[in-house]
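What follows is each chain in one-letter form.
There are 2 protein chains.
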Amino acid sequence: MSLNNRRDFIKKAAWSGALAISIPEIVSTAFAAGNKGQRITLNTSDVVLFQGDSITDAGRNKEQTSYNNANILGSGYALVAGSQLLLKYADKNLKVYNKGISGNKVYQLAERWDADCLDIKPQVLSILVGVNDYWHTLTGKYNGTIKTYRDDFKALLDRTLKALPNVKLIIGEPYAVNGVKAVTDAWYPAFDGYRIAAKELATEYKAIFIPYQAVYDEAIKHAPAAYWTGDGVHPSLAGAALMAEAWLKSIN
Amino acid sequence: MSLNNRRDFIKKAAWSGALAISIPEIVSTAFAAGNKGQRITLNTSDVVLFQGDSITDAGRNKEQTSYNNANILGSGYALVAGSQLLLKYADKNLKVYNKGISGNKVYQLAERWDADCLDIKPQVLSILVGVNDYWHTLTGKYNGTIKTYRDDFKALLDRTLKALPNVKLIIGEPYAVNGVKAVTDAWYPAFDGYRIAAKELATEYKAIFIPYQAVYDEAIKHAPAAYWTGDGVHPSLAGAALMAEAWLKSIN
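Those sequence lines, one after another, are chains A and B.
Numbering that gives the first Met the number 0 puts the first residue of the first sequence at 0, with every later residue one more than the last.
Numbering that gives the first Met the number 0 puts the first residue of the second sequence at 0, with every later residue one more than the last.
So here's chain A without its partners, still in its complex pose (with noise of 0.2 Å):
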């Protein structure tokens, strides 16, 4: 639809509060549609490890190098869903790590993989990126294409898989909100191709596919857009708490 449509949607939408299907059900089937059913099952003393961009990297304290506190997960949907593994799992021991960096895209994880991935070891790795790898097209301070995004990513997790064998991936959908502050209709039909290539990547190494788009889609049917992402990109606590909803339906 266009923005103008768009906006008009969002604005009758607003604390509509009538539809039948609650956010976790929205989200449950989200996930369902993608995964075929397919999880992972955790083990004792697993390192589950976030990373990503600024969506994941959330204001964590990267001064400190540990694991399952607030500070290191920072306050976004790495922290709401870290804090539901560690009580839900509490017999697992499980390490939890956030690694995200403010502003990454593919090349830039690349840059830091053997620190910030490798060397941690994790049995479960969740990577969410492409936003910036589109976005960062548009203020003229990077040049790749979707070409470069697939590539690079690709060339990513075969580096990890050949280091890390029997690591359970999980890819993330880059995800945008039309309409609100930073995005606009100019994002489209480009950036579709970001998400459609993390998609592609997920089905080609067996990763489990968070569909985040679809997620925030349906999320803006219950409360406006503002609701969940400030500028359509950053989820705000709210919009924290549906990602993480929808990336704890990865595990069994």
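By construction, these hints were calculated from the structure, which means they are not laboratory data.
Idealized CB from N, CA, C, for every residue including glycine.
One should not assume that every hint holds.
[Said to hold, decoys possible] Quick list of in silico lysine-lysine cross-link-like pairs, DSS-like style, CA-CA up to 27 Å:
hint, chain 1, residue 1, chain 2, residue 2
1, A, Lys91, B, Lys180
2, B, Lys94, A, Lys220
3, B, Lys120, B, Lys94
[What the hints assert, rightly or not] To list a few chain A residues with every Cβ distance to chain B over 12 Å, as calculated:
hint, residue
4, Arg111
5, Asp150
6, Pro188
Here the structure of chain A is known, so what remains is to put chain B in place on it, guided by the hints.
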């Protein structure tokens, strides 16, 4: 049990993993036992306020006066519970505040109650206070007694209900994990009096009671006590998620 017995117990309980009942089930059972099915139903535009000491504060940014965001909710149980409220009740336009302040005893809540509670006009008010009312007497910083705690708390609740007659109250049980760092046998049985007083006040004021002590007592059968709290009082992220899980049982 004695401290040594408890330490042995805690050691043996570490990562046992073989218990038949899950943490969420424990929490449900403990909550139900204390509340006979009583829960709160949220309405559209309700204001939810978390009040208390450092356990509630959890490093929140006190320079911001807003609501619903991670910085101002801190990194403890109020953040985790708040994130889940904002997700599950996204259609209700809730405002979730945290006004906990580290070190507070009941009289210190009273000193700032107009600005930090009554003016905010919560429909749902959650108070967790009491550990400092006891703990600070051990360090000579405070000479209040159990009677002071009960009388001050009663006066605070009377004042609250006079200003906000329809407020729905939640009272959290002060808790401590014996055998972890700050908490020793020397706390008992004196500290138990504060737990009992909080429960009696919850009954008297028709508040929902969150049985945090029972919840921690069960949780340490699933993972070492230090997994849930570093010093016996302040929760880890896992402990914060545990408390949030218990707190959320108070909401329909």
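Just double-check A:Pro188 for me: nearest Cβ-Cβ distance to chain B has to come out over 12 Å. The claim holds: A:Pro188 sits with its nearest Cβ about 28 Å from chain B, beyond 12 Å.
Given the hint that A:Lys91 pairs with B:Lys180, test it: the Cα-Cα distance must not exceed 27 Å. Within the cut-off at roughly 23 Å; holds.
Confirm or reject: A:Arg111 is not an interface residue toward chain B, with every Cβ-Cβ distance exceeding 12 Å. holds (24 Å)
Do the alpha carbons of B:Lys94 and A:Lys220 lie within 27 Å of each other, as the hint requires? holds (19 Å)
Chain B versus A:Asp150 - minimum CB to CB distance exceeding 12 Å, so not interface: holds (35 Å)
Straight-line Cα separation of B:Lys120 and B:Lys94 no greater than 27 Å? It holds: about 11 Å lies between the C-alpha atoms, which stays within 27 Å.
Violated hints for the displayed structure: none, as all numbered hints are satisfied.
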